[in-house]
Structures are given as structure tokens and as C-alpha cells.
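Model the full assembly from the supplied sequences, consistent with the hints where possible.
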Amino acid sequence: MRSIFTPFTVGLLVIGGLVGYLWMFGQIKGGIDEDGAGYKVSAVFKDVTGLAEKSRVVIAGINVGQIDRIELEGNQARVWLLVNTPLKSDAQIAKRSAGLLGEFYLELTPGYMGTPLKDGDEIKNVIYDASTSELMNEVQAITKNVKDITDALNRVVTVDGGEQKIKDILEDVRQSVAELNRAIGENGPKIDRMVDNVLSATKQAEQFTAEFRRDARVIMADARQVTSDAKAITGNVRELVGRNAPEVEGSFDGIKGAVGRLQGALDKLDGALTSTQSIAAKIDNGQGTLGKLVNDDRLVESVNELVDESGRFLRRLTRLQVVVAMRADWYVNQADAKTFFEVRLQPRPDKYYSLQLVDDPRGRSSFVRRVRTSSASDTDPLVSEQERVTEDRFRLSLQFAKRMWFFQGRIGIIESSGGVGMDFFLFDDALELSADVFDLDAAANPRVRAMGAVRFFTHLYITGGIDDVFNDDLRDWFIGAGVRFTDDDLVAIMAAAPTPSL
Amino acid sequence: MSVRKPIEAVGQRVIDVIEGVGKATQLFAETLVWAIRPPYRIKILFNAMEFVGVGSLFIVLLTGIFTGAVFALQGAIAFRLFNAESLVGSTVAISLARELSPVLTGLMVTGRAGSGIATELGTMRVTEQIDALYTMAVNPVQYLVVPRFVAGLIVVPALSVLFTLVGMVGAYFVGVVLLGIDEGIFVEKVKLYVDPPDLFSGILKAFVFGGILTMVGCYKGFYASGGARGVGLATTQSVVVSSVLILISDYFLTALMFE
Chain L
1 MRSIFTPFTV
11 GLLVIGGLVG
21 YLWMFGQIKG
31 GIDEDGAGYK
41 VSAVFKDVTG
51 LAEKSRVVIA
61 GINVGQIDRI
71 ELEGNQARVW
81 LLVNTPLKSD
91 AQIAKRSAGL
101 LGEFYLELTP
111 GYMGTPLKDG
121 DEIKNVIYDA
131 STSELMNEVQ
141 AITKNVKDIT
151 DALNRVVTVD
161 GGEQKIKDIL
171 EDVRQSVAEL
181 NRAIGENGPK
191 IDRMVDNVLS
201 ATKQAEQFTA
211 EFRRDARVIM
221 ADARQVTSDA
231 KAITGNVREL
241 VGRNAPEVEG
251 SFDGIKGAVG
261 RLQGALDKLD
271 GALTSTQSIA
281 AKIDNGQGTL
291 GKLVNDDRLV
301 ESVNELVDES
311 GRFLRRLTRL
321 QVVVAMRADW
331 YVNQADAKTF
341 FEVRLQPRPD
351 KYYSLQLVDD
361 PRGRSSFVRR
371 VRTSSASDTD
381 PLVSEQERVT
391 EDRFRLSLQF
401 AKRMWFFQGR
411 IGIIESSGGV
421 GMDFFLFDDA
431 LELSADVFDL
441 DAAANPRVRA
451 MGAVRFFTHL
461 YITGGIDDVF
471 NDDLRDWFIG
481 AGVRFTDDDL
491 VAIMAAAPTP
501 SL
Chain G
1001 MSVRKPIEAV
1011 GQRVIDVIEG
1021 VGKATQLFAE
1031 TLVWAIRPPY
1041 RIKILFNAME
1051 FVGVGSLFIV
1061 LLTGIFTGAV
1071 FALQGAIAFR
1081 LFNAESLVGS
1091 TVAISLAREL
1101 SPVLTGLMVT
1111 GRAGSGIATE
1121 LGTMRVTEQI
1131 DALYTMAVNP
1141 VQYLVVPRFV
1151 AGLIVVPALS
1161 VLFTLVGMVG
1171 AYFVGVVLLG
1181 IDEGIFVEKV
1191 KLYVDPPDLF
1201 SGILKAFVFG
1211 GILTMVGCYK
1221 GFYASGGARG
1231 VGLATTQSVV
1241 VSSVLILISD
1251 YFLTALMFE
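Protein chains in written order, with the numbering used here: chain L, 1 to 502; chain G, 1001 to 1259.
Possibly wrong hints are sitting among the right ones.
[Said to hold, decoys possible] Taking lysine to any residue pairs in the SDA-like style, the calculated list, with each CA pair at most 20 Å apart, reads: (1) L:K292 - L:A281; (2) L:K268 - L:A221; (3) G:K1189 - L:I67; (4) G:K1191 - L:D68; (5) G:K1043 - L:K118; (6) L:K54 - G:L1192.
[To be verified] For the chain G half of the interface with chain L, some residues (derived, Cβ under 8 Å), not all of them: (7) I1044; (8) L1057; (9) F1058; (10) I1059; (11) V1155; (12) P1157; (13) K1191; (14) V1194; (15) P1196.
[Said to hold, decoys possible] The following label-pair restraints were derived from C-beta to C-beta distances: (16) L:A98 - G:P1039: 39 to 49 Å; (17) L:G161 - G:V1177: 51 to 61 Å; (18) L:L12 - G:V1177: 53 to 63 Å; (19) L:F25 - G:G1226: 44 to 54 Å; (20) G:D1131 - L:L12: 12 to 22 Å; (21) L:A60 - G:P1196: 24 to 34 Å; (22) G:V1177 - L:E122: 40 to 50 Å.
These are calculated hints, taken from the structure and not from any lab test.
In this text, a Cβ means the ideal position worked out from N, Cα and C, and glycines have one as well.
Given below as C-alpha cells:
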């Protein structure tokens, strides 16, 4: 037993050791094939601290080789790499830190252009990274700055109620900005208008002042002339007096009167000048019509508003579209045609008012209930009869329509009775599906009309549908054709016609 | 007279040591010579391998698994200071492969098998069985020493490899399962940092240690004298000398291989 057992256990031990060795060897051997599938290239580094033989060489984080040896070349280090991937002459290499513990590896960028590198070639593009110590210096400088800032902040905040003050300031600023924003937003147009008014008023005042100055100059010149004339007269008088004293004596009374009149004229001139001055002052103060014209903004504002209003009105008018439509449907069972004429007033693309005149051979049906008392019958003294009365071949529709995307709702009077309708616009409005409900009468089901219209050649369209869907006896199929166009001449007529005001 | 005696004693010691080295070298040389000379005693070799290897397997594996585990634990505590726990696996793996596995395997086998060899051969010496072998024209070196020596050379490296393996299992258990180190990173770093030469140097050391511990055991037993006490002394001495030699030679082997 023992003779068999001994070799077996010993064999197990040896085989276990061998297998363990081979397995571990296989596990750790991953990566570069050291037997020379790779080739050697070199690169010159200023600093190879942290790199060692067998340090990793990676591309995009994948091992593609290792450092074969490092040798000193002048004051730099030449690093020989054993790599197993093709490299181009524009390949780059950089020393990268794998952690803060001073472990480094080389990162390659294989290059895209240039000649492939051969065994023994050199990678010229060496990228220098900031070393950990350089990084630490940077960080230190930054830290100092941060510390300074926080110190300053601390000083501001830690004074009595500093924090609250900052909060208050911020709140005030926020409110002011909001206020300002609101004011500008609300009064933007007003402010614009104010500025315009001020400008125009200034201009007018300037003009007026210039005119006034010109006038004043003329007045002054006249006054001067008058004064000089008076002077000349005085001279003449003096001469006359000297020469013909006795005559003068005689005519002194006459002269006295003339002088008196002259005095009166001068007084009037003075009065005129004062009045002119007073008028100018009044104009300046905004008194009187002219003053108001010069100084009051309200007139300008009113004119502005008037122009705005006119603009809005014109815009609305020019936007208004008048659509005219005519259509005829052939009712199959009835073997008769129904004709429509419609005018749509469309102030906006998404809404219109429609006036439709309808000529319907079927007319409008209503039910009349008559109750007769019969004395002849004992058992059933009352005879009730219901009669359908059809009248009004010609009928009217008046509708308001509002569109939202592809859906349009209508409400109003449809064919002389209250009703609602809806439309769906499909394929760029080329297909229009409509349903109308109207003629709501208690005695019968409401009249429901479903139809489709296909538009072609812009203005023409054909229709088809079913009318009075829920009333078996009156249900009818129809097909038809129509034309619909926008008429600008009608808009002009509408503009010229007197507009009812609300 | 009184002065000569201590000097004589010291001199005798020196002479004994030098004589011991000489005898050991002689025995080693004889062993090498007889190892390559027929007849090859395969059965005895297997018995020796079983005694040295299979007998030590359990204690070696036990030591291995706990060595790896405690190393991972200590490593994790230290590396955690640098946020570098991912390096635990590779550190333990390199330590095991290069140093711990061969040295601890050597010491364990010394304690268990080296002492056993010394006792067995010492007993044979004092009971004159070795002399009896001479009379039967059987060379006791070839018959007793060579199989044990060769067995040591073969099985100690194998035990060392297994020590590394189970040590890594222990490290994995502590690191990944207990301490929650990322498994992928743990394994990846082991593969990244442990190189084939690390494994190979460990095996080479184990090979040398296997030779040392069996040779010392054989020598101490082969030249035992003084009855039962002499055998006990030989056993103790074989363990002490083997252990010291293993540690000293480990340093020189490391210096030789890695510098």
C-alpha cells in the first residue's frame, strides 16, 4: 500500500508546484511579449524621475510596451522603449503620473502621418507635463489667493451685523433692479414718446425764439428811427424858435400841441413794447393758446395717439381678408341641387365671420302638432296629429369660426337655425373634413351633415358627403363643386363704407 | 597551566568549527558525486520526498495562507494612509514571490523535516547502523544523504510555489472580501507589478534553501555522537544552523539577483 501511495502523493506535490508556477507565470506575463515581437524606439526627456526600466508604456490606457533602459545623454535622459504597436514619425510621448506616490508611466500617441518608425528611431515630440512639485507650487499659490479672499470676506462678514447688511444690500439691489425693469418695461413706449415730444417742443421753441428775435429787432429799429426823427424834429423846432421867435411864440401853442402828440406817440410805442415783452413772457410761461402750443406736450401726445390709432386701424383693415365662396351640391336621392354663396370676413388667419346664403330645394322642415277634439268618438275623443311642414327654400347662415392648428370650430346660425360645426384641415389644408349639427328640433334627430372637400388649383374644390345622417327618411348623399377666392376689391369697399362703432 | 586551558578551549572551538566546515564540505562534495553515480535509488528518493515534502505540505499551506492574509491586512492599513489600497495585492504578491515564500517554506521544512532527518541519521549513527552499512558495502552517503538532499532540492521549490499561491488566496480573501478593495484593480495590479523574474528568483531561493536544510540535517545527524543526548543536540543544532544559514544566504541571494 505504502509503496504505491508514496510516489502518488509525492507526484501530486511536484505536479502541484509545477502547475502553480506555470499558472502564476502565465498570469503575470500578460502585456508585452518580451521575446521581441516589439521593437525599440527612443525619446529624450529632461527629467525621468519616477520612471524605471519596465515602467509601462500605454496608448489610451492600454499597455503597448515597456521601458527597456534609460541612459544619460548630456544633461538629459534617453529612454529606450520596447513597443509592440506601429508608430508614425509624428508620434508623441509624454510622461504621466499614475498617482501622487511618484509613480509614472509613458503615454504614447501613435501619430497619424509621416513615415512608420523603425527599430532604433527616435520619437521627436516629447510633451512635458507639469510635475507634481510644480503642480503643488501652483496649488500653493492658488491656495494663498483663496485664503486672502476668504480673509477679506471674513472681515466684511464678521463686523457687527455684516452678514445682515450684505443681505439687505442685495435685497435692495434686487428690488431696485426689479423696479427699474418694471418701470422701463411699462413705460418704454411712453418714455420714447416723451423724448420725442421734448425734442419737438424744443425745436419749436427755438424756432419761435428766432422769429421773435427777428421781430424784436425790427421793432427796435423802428423805435430807433422814431427817436432819431424826434431828435431831428426837436432840432428843427429849436432852429425855428431861434430864428422866428415871435412867430414861434405865436405858433408855440401849435408846437406844444405837436409835442404833446409826439409824447402821446412815444407813450404808445412804450406801451407796445411792454405788451410785446408781456406776450413773450406769457408764451414762455405757457399761457394762452400760443404758449400752450409751444409748451404743452399733451397736444403732441394726442397727435401721437391719433397716429397710433390710425395705424392700428389701417393695419387691421389691410389685414382683413374677404373670402368669397360659391358652391353647388347635387343631392342624389332628391335629384336636385343645393347652392351656397358665402362671404367670409377674415380679420386674422385663425378666425373669420361667415355670411352664407343657401338655396335648398328641401327647404326647412318643422313639425306642427295639431290636436282636434272629436265628439264622434267615444273612446278616443282627442285626435293628435303631427305634421311636417317644409318651408323656406331660401335660408341664411351666420357663423363665427375660430381655428387652432388643424382644428376649426364654428358656431352661430346654420341654415336659419342654431348650430355648431367643426372642421379638420389635413395635408396642408388640401383636404377639409367638416361636420355640422343644426336644426335641433325635439321631434326629430338633429340634422347632422358630414362632408369632405378636396381643394385643387388653389381656388377650386370638390365636395362629397352625407346629409341628415340620423334621420332615416331624410338621409341623402351629395357631391358637389365650388370655387373660393380672396377678393381685395371687397376690402376696399369695406374700408370706404361707414364703419359702425361700438 | 591555568592560562593555557582557556586558550586551549577557545582554540579547540575554532578547530572544531573549521573541522566542521571541512567535514560538511566533504559530505557535500561526496553527496554531489554520489548523486550522479549509479545505482539510483528511486524508491528511497520517493520516500524522502514524501517525508520532506508531502509531510510538510499541510504546515506550509497553513503558514502560507495566514502569511498572505496578515500581510494584506497590514498592507491595507498602511496603504490606506495614502489612499493606495489598490497596491495591496501587488505588494503582497511581490513579497511572497521574492522573499516570504522561499524563506518561510525553508524555515517550516527545516523545523519539521530537517530536524527529522538529523534525528533519524543521528540515531542510525549512534546505534552504529551507518557503520553496518559500510560492512554491507553500501555507501551510507549514497544511501542516506543523496536521496534526502535531492528530495529537498525538488520539493522545497514546489512547496514554495504552493506557499505563494495560497498566500495570495489569503491576501485576496482579506483584501477583496473583508476590506472591500476593488477586485479588478487588485488582480490587475498583481499582474502589472509582478514579473516573471520575481517568481523565478523565489523558486531559485527555495531550491538553495532545500539543499541547505537537508544538507545541514544530514550532516548533523551523520556526525552525531554521544548517544541519545548527542542525537538531541544534533537535532537542535541542525534546526538552528539551517535557519541561520537560510536567512544569511537569503540576503546574499537577493543581493546577487536584484542588484
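Against the structure, the hints:
The hinted pair formed by L:K292 and L:A281 meets the criterion: a straight-line CA distance of about 13 Å does not exceed 20 Å. Straight-line distance between C-alpha atoms of L:K268 and L:A221 comes to about 16 Å, which keeps the hinted pair within the 20 Å bound. Restraint check: the Cα-Cα separation between G:K1189 and L:I67 comes to about 18 Å, which is no more than 20 Å; the hinted pair holds. Proximity of G:K1191 to L:D68 is assessed by CA-CA distance (about 19 Å); at most 20 Å being required, the pair is judged to hold.
The suggested pairing of G:K1043 with L:K118 is violated, with an alpha-carbon distance near 58 Å, which exceeds 20 Å. Distance check on the hinted pair: L:K54 and G:L1192 sit about 10 Å apart at the alpha-carbon level, within 20 Å; holds. Interface hint status for G:I1044: violated, as the beta-carbon distance to the closest one in chain L is roughly 10 Å, over 8 Å. Here the hint on G:L1057 is kept, as its CB sits about 6 Å from the closest CB of chain L, short of 8 Å.
A least Cβ separation of about 11 Å between G:F1058 and chain L goes past the 8 Å threshold, and the interface hint is therefore violated. Violation of the interface hint for G:I1059 is found here, the shortest Cβ-Cβ separation to chain L being roughly 13 Å, above the 8 Å cut-off. For G:V1155, the shortest C-beta to C-beta distance to chain L is roughly 6 Å, which falls under 8 Å, so the interface hint holds. Evaluation of the G:P1157 hint against chain L yields a held restraint, the C-beta minimum of about 6 Å falling below 8 Å.
Restraint check, G:K1191 versus chain L: the minimum CB separation of about 5 Å is within 8 Å; hint holds. Interface restraint check: G:V1194 against chain L, minimum CB-CB distance 4 Å, threshold 8 Å, status holds. Annotation: interface hint on G:P1196 holds; nearest CB of chain L at approximately 6 Å, less than 8 Å. Range check, L:A98 to G:P1039: about 59 Å between beta-carbon atoms, so the 39 to 49 Å window is missed.
Checked against the hint of 51 to 61 Å, the C-beta distance between L:G161 and G:V1177 comes to roughly 58 Å, which is consistent with it. Taken as a hint, the range 53 to 63 Å is violated for the pair L:L12 and G:V1177, whose Cβ atoms sit roughly 28 Å apart. Against the hinted window of 44 to 54 Å, the Cβ-Cβ separation of L:F25 and G:G1226 comes to about 48 Å, which satisfies the hint. Between G:D1131 and L:L12 the Cβ separation comes to about 37 Å, which falls outside the hinted range of 12 to 22 Å.
For L:A60 paired with G:P1196, a C-beta distance near 26 Å keeps the hint of 24 to 34 Å intact. Our hint of 40 to 50 Å for G:V1177 and L:E122 holds, since their Cβ atoms are close to 48 Å apart.
Checked against the numbered hints above, the structure violates hints 5, 7, 9, 10, 16, 18 and 20; every other hint is satisfied.
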